[in-house]
Structure formats: C-alpha cells, structure tokens
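Engineer: Sequence:
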Amino acid sequence: MGLSHRQWKRLIAGTLIVAAGNALWTWLAFGKAELLSWRGVLGVVVISALYFLMMIWFTPSMKSGKDEDKK
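Each residue of the sequence shown is one higher than the one before, counting from 1 in the numbering used here.
Keep in mind that the hints are not guaranteed to be accurate.
As the list claims (entries may be wrong) - Simulated restraints, written as ranges between beta carbons of each label pair: (1) A13 x V41: 15 to 23 Å; (2) T59 x F30: 13 to 21 Å; (3) S4 x L28: 21 to 29 Å; (4) M62 x A33: 41 to 49 Å; (5) E34 x W8: 29 to 37 Å; (6) M62 x L16: 32 to 40 Å.
Bear in mind the hints are in silico, worked out from the structure with no lab data behind them.
Cβ coordinates follow ideal geometry from the N, Cα and C atoms, glycine included.
When you get a sec, could you build the whole thing from the sequences and use the hints?
Structural biologist: Written out as structure tokens, the structure is:
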C-alpha cells in the first residue's frame, strides 16, 4: 500500500478514537458488565476493524510524480 507515514498515523488514531467512542457508548447504554463480556468486547473490536478497513479502502495512496509519468 502506498500510504504515507502521516496517513498511517491518522488511520490508527482515527481507529482508536472510534474504538474508545464505541466502548464509551456501550458502557453508557448497556453497563459495565455488558462492555466487559465477550459480546461487548467483540462488538467494539469488530466495529473498529470494519472502520479501519473502510478507511484504508477509501484513503487515496500517495503517488510520486515518477509513477504518474509512466502512465
């Protein structure tokens, strides 16, 4: 993948923010017991992984001018 270092940092930071927000929402909506259960943890992990994969898919790669000259 042709992502720059800055893009990778933004993807990982965004994924961590989504995971924290999802965990907070699960905790406030359903309680601590649900968040710490396997179903709550799996829900946070799956949503975060889907977010990460979608953002990788939609993030444009950084191409140098040399690559564009070949096309």
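Engineer: Give a verdict on every hint.
Structural biologist: Comparing the hints with the structure gives:
no.: 1; hint: A13 x V41: 15 to 23 Å; in the structure: 21 Å, holds
no.: 2; hint: T59 x F30: 13 to 21 Å; in the structure: 32 Å, violated
no.: 3; hint: S4 x L28: 21 to 29 Å; in the structure: 36 Å, violated
no.: 4; hint: M62 x A33: 41 to 49 Å; in the structure: 45 Å, holds
no.: 5; hint: E34 x W8: 29 to 37 Å; in the structure: 32 Å, holds
no.: 6; hint: M62 x L16: 32 to 40 Å; in the structure: 22 Å, violated
When held up to the earlier numbered hints, the structure conflicts with 2, 3, 6 and fits the remainder.
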